[in-house]
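Peer 1: With the hints as your guide, set chain B onto chain A.
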Amino acid sequence: MPEPSSTSPLRFTGHKYLTQRLVLSTLTGRPIRISGIRSSSPTQPGLAPHEVSFLRLLDTITNGTIIEFSYTGTTVVYKPGLITGSAAGYGAASHGGVLRHELPKECNRGISWFLIPLCMLAPFSKQQLNIVFTGPGVITSATQTGDVSVDTVRTAILPLYTQFGIQNNIELRILRRSCSGPGGRGGGGEVQLVFGHQVRLPKTLHLLNAGRVKKVRGVAYATGVAASNNARMIEAARGVLNQFADTYIFSDVSSAPLLPSEKGPPGVKRKVGIGFGISLVAESSTGAVYSADVASPPSGGEPPEDIGRQCAYQLLEVISKGGCVSSIGANTVLTLMAMGSEDVGRLQLGRDVVGSEDILMLGRDLRGFGASGWGLRDADDGEGDIVVSVVGRGVGNVGRKIA
Amino acid sequence: MAISLGKRKRHTAIPARKDLPASDASTSDLSDGEDVRAIFQRAFEARFKPLGSTKKKTKEEARTEVVEELLEDADGDDEEYSEWDGFSSDAEDSEVEEVERVEVVEHMSSSIPELRKAELRNRTSKAEARAFMSSKIPSAPKDPLLSNSKDADSTDDESTNLQNDASLQRLLRESHLLSTTPSSSSTFYPSSTPSLHSRPSNPANTNGAGALAAIGAARHAAHDLHFLSLGGKPHMGLKHQKSMPLAQRKGIAKKREEMEERRRREAKEMGVVLERAVGKKGSSTGAKRERGVGAPGVGKFKGGTLTLSKRDVASIQGSGKRRR
Numbered sequence: 054m055p056e057p058s059s060t061s062p063l064r065f066t067g068h069k070y071l072t073q074r075l076v077l078s079t080l081t082g083r084p085i086r087i088s089g090i091r092s093s094s095p096t097q098p099g100l101a102p103h104e105v106s107f108l109r110l111l112d113t114i115t116n117g118t119i120i121e122f123s124y125t126g127t128t129v130v131y132k133p134g135l136i137t138g139s140a141a142g143y144g145a146a147s148h149g150g151v152l153r154h155e156l157p158k159e160c161n162r163g164i165s166w167f168l169i170p171l172c173m174l175a176p177f178s179k180q181q182l183n184i185v186f187t188g189p190g191v192i193t194s195a196t197q198t199g200d201v202s203v204d205t206v207r208t209a210i211l212p213l214y215t216q217f218g219i220q221n222n223i224e225l226r227i228l229r230r231s232c233s234g235p236g237g238r239g240g241g242g243e244v245q246l247v248f249g250h251q252v253r254l255p256k257t258l259h260l261l262n263a264g265r266v267k268k269v270r271g272v273a274y275a276t277g278v279a280a281s282n283n284a285r286m287i288e289a290a291r292g293v294l295n296q297f298a299d300t301y302i303f304s305d306v307s308s309a310p311l312l313p314s315e316k317g318p319p320g321v322k323r324k325v326g327i328g329f330g331i332s333l334v335a336e337s338s339t340g341a342v343y344s345a346d347v348a349s350p351p352s353g354g355e356p357p358e359d360i361g362r363q364c365a366y367q368l369l370e371v372i373s374k375g376g377c378v379s380s381i382g383a384n385t386v387l388t389l390m391a392m393g394s395e396d397v398g399r400l401q402l403g404r405d406v407v408g409s410e411d412i413l414m415l416g417r418d419l420r421g422f423g424a425s426g427w428g429l430r431d432a433d434d435g436e437g438d439i440v441v442s443v444v445g446r447g448v449g450n451v452g453r454k455i456a
Numbered sequence: 024m025a026i027s028l029g030k031r032k033r034h035t036a037i038p039a040r041k042d043l044p045a046s047d048a049s050t051s052d053l054s055d056g057e058d059v060r061a062i063f064q065r066a067f068e069a070r071f072k073p074l075g076s077t078k079k080k081t082k083e084e085a086r087t088e089v090v091e092e093l094l095e096d097a098d099g100d101d102e103e104y105s106e107w108d109g110f111s112s113d114a115e116d117s118e119v120e121e122v123e124r125v126e127v128v129e130h131m132s133s134s135i136p137e138l139r140k141a142e143l144r145n146r147t148s149k150a151e152a153r154a155f156m157s158s159k160i161p162s163a164p165k166d167p168l169l170s171n172s173k174d175a176d177s178t179d180d181e182s183t184n185l186q187n188d189a190s191l192q193r194l195l196r197e198s199h200l201l202s203t204t205p206s207s208s209s210t211f212y213p214s215s216t217p218s219l220h221s222r223p224s225n226p227a228n229t230n231g232a233g234a235l236a237a238i239g240a241a242r243h244a245a246h247d248l249h250f251l252s253l254g255g256k257p258h259m260g261l262k263h264q265k266s267m268p269l270a271q272r273k274g275i276a277k278k279r280e281e282m283e284e285r286r287r288r289e290a291k292e293m294g295v296v297l298e299r300a301v302g303k304k305g306s307s308t309g310a311k312r313e314r315g316v317g318a319p320g321v322g323k324f325k326g327g328t329l330t331l332s333k334r335d336v337a338s339i340q341g342s343g344k345r346r347r
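So the sequences go chain by chain: A and B. With this note's numbering, the residue at position 220 of the first sequence is 273, and numbering never jumps. With this note's numbering, the residue at position 160 of the second sequence is 183, and numbering never jumps.
Quick caveat, the hints were computed from the structure, so don't treat them as lab data. Just so you know, nobody snuck in bad clues.
Pairs of lysine to aspartate or glutamate residues, derived as EDC-like cross-links and limited to a Cα-Cα distance of at most 20 Å, are as follows:
hint: 1; chain 1: B; residue 1: K159; chain 2: A; residue 2: E224
hint: 2; chain 1: B; residue 1: K273; chain 2: B; residue 2: E283
hint: 3; chain 1: B; residue 1: K149; chain 2: A; residue 2: D305
Remember, it's a predicted structure, so these values are computed and weren't measured experimentally.
One chain only, chain A, in its complex shape:
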């Protein structure tokens, strides 16, 4: 591919890695053009509702962003602006400095699909980011589409930011819980993200010692169903994990969110997002976190014991892959390292984590956006891990260049 000039947009195809590309585009300031978005689908071509919603979210937290869709929605041109966060005068002022973002009821991705990329942008924002996700499409639990629960974001993704020196005034409030609704679509939950620590450049990271797992913590949640489901999930998960580490799983029970129903008389509300699930986080002696997440399918029919046990096994699998960062957090850490100062940072990852499709595509996309390539070498400890060396780009926070 010939090197395009800085003004011509980078070209991508397909709907995969959409958020990742949009985030990189916003951070580096390069416009992108994504074509062929589900163009082969006869029934639902173009951008899905949650993808459109994410683009609108980017428009909300930035200033000067230009987004152009084609008629069918199979092509998007995105010209990024400055990340302003919840700056006054851009829609936040009317709600006391809090942005509100409504998700449509057709949304079938968990809220973590929005939160994780948003958290990558937030440290580089001009002002603090304070945003409430609301509406009939907010699913706080893990989903069948592979998104983690909001508990995992808080307990396994956000702690990664402390390694970069980004730790103050960060909160993820779960105002209302919700599992995925009928057909895996919609939920009705409510989540508030406060990201109040903005930096010029994230610190250079050297994570080479994964340590040993010393404790396992977790949250079992049940919305609109009996609390005994939590106890059953916890017991099954502890039955697997107790022999390995100090395990403690907290229980959170809430009623189902009520949404106005489209059918029937007006004013009648229906319960959506009923279900239960469990999120487990293992923490090592050096602060590495591994997480696992399983929730009941929207169709039901899965006993809580199975969910608990499945989650425990999933956690053990993630731990067995090794490395200082699990595959869920590797995207975040590698992206932030690439945006750091012009210095070599090192990160030890499991071989399977580095070899996954997500990480390879992230590496390719970063190359496309002008970052230098990664250096890979085998780790010294003989566990088959790989040390990834990332040279930062020194882009940092454009909004905070002037102190």
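Peer 2: Quick look at chain B alone, frame taken from chain A:
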């Protein structure tokens, strides 16, 4: 705990050596001197490590003694070292290197009662629940290897960098004040005229930009600029004040003139060449003031009457000194 208790018992047992042979005669066939030595050796080995030169039997005995001492309860008063044969089969089967292995004994498991453990766990779990289930990031463990002093250093670096950035920006904004003529700004006054400093303090030890910190009138001007940038009104400072009593303004002008004159005089005395004095603007001191058309040439016409002040009368009469 158990070790010290056991040892105390040994010490009490040593003076009672006399009746040992009588009681031990049936089980032990050691001579008296050997017995004493064995006791001391055991005591030594219990305290430190097995002596290398001793034969295997004593080692075994020592090991069994150590095990006995570690395991027995505080009230195990009837236990005699010579009567001990609890682990004998095990100890006799074991080999030399097994004998020399370090015994690891868990004290915590037996010393803390179950109830207290449960209570402790309950308390920690409550605190942990608060930390884990809050909306904040669950508190990350502090890495003792990456000491927090280093962390504090880097945060200090960051904050000082930010401070330096801010002061540099401010200096750039106010740099034009430094280049104004020394008469209006006392920042770079020569040291020969210290009396002219509006503030006696040395600029070098003022905080902020050190020697570049504005003092005197420049400081006031810098303050005004600062207020302006923070959204203050432009006429807040003395410099921007629109309306001022005439006497005050005159006083200021007079003082400024005086200062300038003194500066020039002193520079001349010192032999310092100064910039050329800016000539006074063509003031209207000599020319007559323009009065309105149809207005009287003298006095004030108001309410149909021409009012003449004493000075006007004097000017008409021509007596005394002429003002205009």
